[in-house]
Amino acid sequence: MQEIFDPEAFRSALRAWLEENCPEEMRDNAQSETSICWGGKRWTFESDAQKTWLERCAAEGLTVPTWPRAYGGAGLDRAREKVFHEEMARINARSPLQSFGIWMLGPALLHFGTEEQKLHYLPPIARGEVRWCQGYSEPGAGSDLASLQTKCEDKGDHWLVNGQKIWTSYADQADWIFVLVRTDREAPKHKGISFILLDMESEGVTTRPIQLISGKSPFCETFFDDVKVPKEQVVGDVNRGWDVAKYLLTHERQMISAGAGGLAGGGRALGAVLSEDNGGELDTVLRAEAMQAEVDALAIGLTLERYKDQAEAGQGAGDASAMLKYMGTELNKQRYELLMSSGGSDALEWDGPTGGRPSDWLRTKANSIEGGTSEVMLGIVSKRVLGLPG
Amino acid sequence: MAKLVKTEEEVMLGDMARGFLDEAAPVSHLRKLRDAGETEDKGLWAEMAQMGWAGILVPEEQGGSDMGHAAAGILAGEMGKTLVTSPFLSTAVIAATALRQVADDRAGAALQAIAAGDRTYALAIDESHKFNPDKVELSAEKVGNGFLLNGSKTFVVDGGNADRLLVLADAEEGLTLFDLPSDRTGITRTHTAMIDSRDSARIDFSDVEATGEDVLGSVGYAANILTPALRAGQAALAAEATGLAAGAFGMTVEYLKERKQFGMPIGAFQALQHRAAHLWCETEVTASAILHAGRKLDEDPASAGLAVSLAKSRATQTAKLAVIEGVQMHGGIGMTDAFDMGFYMKRARVAAEWLGDYGYHAEQVARARGF
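Line by line, the protein sequences give chains U and E. Each residue of the first sequence is one higher than the last, beginning at 1 in this note's numbering. Each residue of the second sequence is one higher than the last, beginning at 1 in this note's numbering.
One chain only, chain E, in its complex shape (with noise of 0.2 Å):
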């Protein structure tokens, strides 16, 4: 496998997305959309589209860049450092991983339009609070040539804008895969407001027609499509996480600096040295599992399960103790709005819970090691 390190590549382009981010979508970029009502900035997405982001698992025939998912990881641990909102996990990662495993020209169009910044997709599979892609009710009962979509999504992450949504659903011949217009008849879209103030949706399929060309791959197939693409978004949402926990500890240690009290810099107190000592030292470990996560999926991806639940769980974990430990030794003024803080605090709890919280990966890696 190749070295768990960075590439001269995969540095640049680490440096280039900070530069880039630190301009156009600082943590105060979330802060004014948050404030105006909005879960989106078009004109930001087709700046990264521009660069080459849409399309980073794109294949260049498509317009893509074709990066791989090491490098989504690096793109993503980048807009997690502040908190960038933008349809990159759901778009760029999750469809277009489901794309590329289909090989017709419907698909090849539509990694084309991804790749373009033309087109965005949001994964509709949740139906109850907790994660879980086997149980599935929302049905795809068939009716002459097509089939009629009846029930509910929730937790549909960027589901309130996209433009599309991949369905999971119920069919006769096993689970299926949909890519349907988000405006097709039968379906209403209901805005949830999030605590970590990102567009989110619950969606109702009423009597929502589909026919043999809105299904992904094969009927009762939606495995082969999904597991690459869950766990590509899955280990992209895990590097985000650990850029929120950089970027969370990284505010916290500036302020350890500079913070007085007692006449002294809080940071020369041994109880607060030690506890951002040992935050510093988890984000190292599991920064090893996303790269590690990254090559697997570029690599060897029909095996990388049990290294994409390592790093979710591990990064779900690390982002924890980092906003905890973020707002504790901020004080008092960790608690308030007008500070970023919370921010991250609020963004790690929804990157905790989507596409599996801690408990679901363990259980993956605890099955896939023996136990």
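Isolated chain U, as found in the complex (with noise of 0.2 Å):
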């Protein structure tokens, strides 16, 4: 496809494109762990349709729409952006690819990497070739994330890495990281904090899984034993990672909120599931609980569109962020309770009438604590945009 600037004309060009090479099968709006690629060395294609859907959006830059089209994205606006998720939803496409690397490695090296950062590390994402996981937590550094420990001393022609991580996100399944590192221990504890790029199949290197109340285990422990790592894999200055994080983190903060059960708007209303559920019966207290959740879903897309149309206008969300992150994920969980009460016995079963809804309902649990628990966030606001003492 070339590029067209016009939004309509995007539109029945996308269209057409996407009636061409949007394999039958990936046409199902499935959401399951595996029905989405995840990219990377170690992935296993559930199809080869799923292969070859990934590899034509790929080739025109679709796994990435927004990034520029010399780092593997196609260039779009918001404008065209959102015909291009108007289109995909349209026919229920899957997405073709996701992970951490599209969600928030990119936009902190779009920001803060240099271009020829740029040039390396984002067309293998774009094209699902790297799988990334992020390194931040510690066993001792949770909520108060920039007392970090992991070691990184300067060695002249290298860094050497020693600490430990917790709660990394398919570091098992991962071929690169990103993280945290204290590089000057002497400094206050945001200012000797560096980001750097560290590739999992450096000697040195471990990953244990951990097993979650959901039954699965899709976070690590990561552990770093004098691992060396080339002196240009440092984004932004040694010592300001803190900028990077935070900036990461605000990313971080909008993907879950906005991930938080399809609030964007053209999702089904959880109240039409829940009816379902029930052969078209809804009990007087459920139906109210649904209402509310409903009337909360809508207002919070319509503020994630606020915020994205006023960072398009040169306001960025800053702190405001927090609040999306707050109020998204503790709706979900709200969701989750709402499903699981719907489902009743049904929903008890692990793989029953439900399929996965009891693990998923369990997994909610987590978004109001990673990326900053709800308490950090209600934190970030009454400190920084109320200004309230302390």
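Derived from the structure by calculation, the hints contain no laboratory data. Heads up, some of the hints might be wrong.
Per the computed footprint, the stretches of chain U lying under chain E, defined by three or more beta-carbons under 8 Å from a beta-carbon of chain E, are [stated by the list, open to error]:
hint: 1; segment: 270-281
hint: 2; segment: 303-315
hint: 3; segment: 321-328
Straight-line alpha carbon distances no greater than 30 Å define the calculated DSS-like cross-link-like pairs of lysine-lysine that follow [unchecked claim]:
hint: 4; chain 1: E; residue 1: 257; chain 2: U; residue 2: 383
hint: 5; chain 1: U; residue 1: 82; chain 2: U; residue 2: 118
hint: 6; chain 1: E; residue 1: 6; chain 2: U; residue 2: 383
hint: 7; chain 1: U; residue 1: 82; chain 2: E; residue 2: 3
hint: 8; chain 1: E; residue 1: 320; chain 2: U; residue 2: 383
hint: 9; chain 1: U; residue 1: 246; chain 2: E; residue 2: 3
hint: 10; chain 1: E; residue 1: 142; chain 2: E; residue 2: 130
hint: 11; chain 1: E; residue 1: 3; chain 2: U; residue 2: 308
hint: 12; chain 1: E; residue 1: 260; chain 2: U; residue 2: 383
hint: 13; chain 1: U; residue 1: 231; chain 2: U; residue 2: 151
hint: 14; chain 1: U; residue 1: 191; chain 2: U; residue 2: 118
hint: 15; chain 1: E; residue 1: 6; chain 2: U; residue 2: 246
hint: 16; chain 1: U; residue 1: 308; chain 2: E; residue 2: 6
hint: 17; chain 1: U; residue 1: 51; chain 2: U; residue 2: 216
Partial chain U-side listing against chain E, Cβ under 7 Å, derived [to be verified]:
hint: 18; residue: 295
hint: 19; residue: 299
hint: 20; residue: 351
hint: 21; residue: 378
hint: 22; residue: 381
hint: 23; residue: 388
hint: 24; residue: 389
All values derive from a computational prediction rather than experimental measurement. All C-beta atoms in this analysis are idealised placements derived from N, C-alpha and C, irrespective of residue type, glycine included.
Dock the two chains into a complex; use the hints.
In structure tokens, the structure reads:
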């Protein structure tokens, strides 16, 4: 497809392209763990269709539609990005690729990376060839992330990394990791942190999955034992990694709030799903709760939209992204409580008539913990937005 | 659709309104009216009309400023912040929107009078304690070439002072909207003392004579006029309630910074910080629904029902939380009449009820969303 700037002309060209290129099997809007490709060297494609779909989208830059073309994207502005999502939703197309590289590292590199770093790291993410994971939390640094202690020493021609990370999502399946490390132990805690990129195949890296209440193990412990890292693999300035970390956290928070149950408006109403569970009948209490959840979901969806519009108008969300994260994740937890209630005993079976619902329900409990707890978000709002003391 | 960001003009309108209202109608203005036993300030409305507020939804040919519903919402929001008493919602929003649906000279003249600030309206629709525009018993019996109206309306907001009434009546052909002078023979208005100290009335109709001239639009087709008018009113009222929430919240945050107990500002306590932060989050989310409703009414009014009900249900909840937390966080002083927070609480309650409460609008949302 050539580059088309008019949104409606783009829509018809895109529609024709999708018709031609999106395999039938990829038009089921499936959203399970493996139905959408995560990419990387270790990824096993569920089907030929999944592989074909990824390759065709990647060739057009449509795995990362808003990234510049030079880095593997399609260079879409907001108007055309919206058209893209609408047209994908119209045919129920699965997303061709999802990854922390797309959601998190990409935006950070686009903002802080050198031109060499962008050209080197971004295109493989866009093509789904390299899968990234995030090394932030440590056993002693959770909500107080800036107190992290993973040591990174300057050894002249390389860095030497020692320490432990925890809650590293999919570390056991990732090819690379972006890590926050301490490069200055004397400086105040925010001023001695650097943001480095590290190959998971380096000697001295080990991972151990952690089994969660959902029965799954998406998170790992990651250990670094005398790991050597080339000097040029620092993003941004040395000891200024907290700036990168914060920028990335803003994206992570928006992603978690947006991902919280397809709030962006196009999705089906929760009440409709609940009603279907119960043969078209909903008891009074459940229906009232579903109404409240629907009202909140629509309004939060509009708020995401409003903040995107503001960002486009040059007004960044800044600390208000904490609000989006808090509201989105708390609502998502509530929605899954309703889904469990609606499913009754069917939803108590791990692989019963409601499919993976119980496991998804348990997974949502992490939404208000990961990427900064709800309490941390409220703290950010009260101090930085409202200016309350202490 | 236009962006969910205020345009430069909208920001200017809001700033200008704030500047004017801080001087002309702070909360103490409402208190003064209440203490004097009054429910209107004609001088204030005349000034608002001069600034183009009365004609904000009136076409320019009729002397209006025709700035649209999103702009009307911005004005309503600013009025909400200081609980401004004016016929803005009943006249400039609801009646103007109703009259705009009718393309005749009489409606044109009425719009002109509204924009000039020369005529005020009230919508007489409720007949029981809950909003239910589908259930109307006030009858319009056909007699000769005209009608005889019999029945009662209640909770007619601004109905005690308004020059004219838009009356929803049940005629043989179906629901019909009449536009009547409020001093027509047979109309008895009884002011009701409301908790928010504003104008509201119970109105009885006893053999009130009306002609075809008094019918707004067509006999039996009230909905064509009433639906857009109600939506406009509901959206602007939601905007007012959201402004009210912001006003109450602003007072509360200031208090948290000033008030000292245990040797420190109470705003340093995490228990209060988190509740205040939560409330701010709610106001931000509701603000999106408000702006969205205004945009929908301006650009796609025929399908604005969901957007409007979403705004009204969210605004009702947010305003309720803001005033409950406002009183609680102020402690004892929040309970005193000498302090303004009580005014916010009482107006929030009236705004919650008027033109459909949370339950009514959440039900509309649920239906529009397929359950």
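Okay, the hints, checked on the actual structure:
no., hint, in the structure
1, 270-281, "holds (count 4)"
2, 303-315, "holds (count 8)"
3, 321-328, "holds (count 3)"
4, E:257 with U:383, "11 Å, holds"
5, U:82 with U:118, "25 Å, holds"
6, E:6 with U:383, "26 Å, holds"
7, U:82 with E:3, "13 Å, holds"
8, E:320 with U:383, "24 Å, holds"
9, U:246 with E:3, "27 Å, holds"
10, E:142 with E:130, "28 Å, holds"
11, E:3 with U:308, "10 Å, holds"
12, E:260 with U:383, "17 Å, holds"
13, U:231 with U:151, "15 Å, holds"
14, U:191 with U:118, "25 Å, holds"
15, E:6 with U:246, "28 Å, holds"
16, U:308 with E:6, "13 Å, holds"
17, U:51 with U:216, "25 Å, holds"
18, 295, "5 Å, holds"
19, 299, "4 Å, holds"
20, 351, "27 Å, violated"
21, 378, "4 Å, holds"
22, 381, "4 Å, holds"
23, 388, "4 Å, holds"
24, 389, "5 Å, holds"
This entry does not satisfy hint 20, going by the numbered hints stated previously; all others are met.
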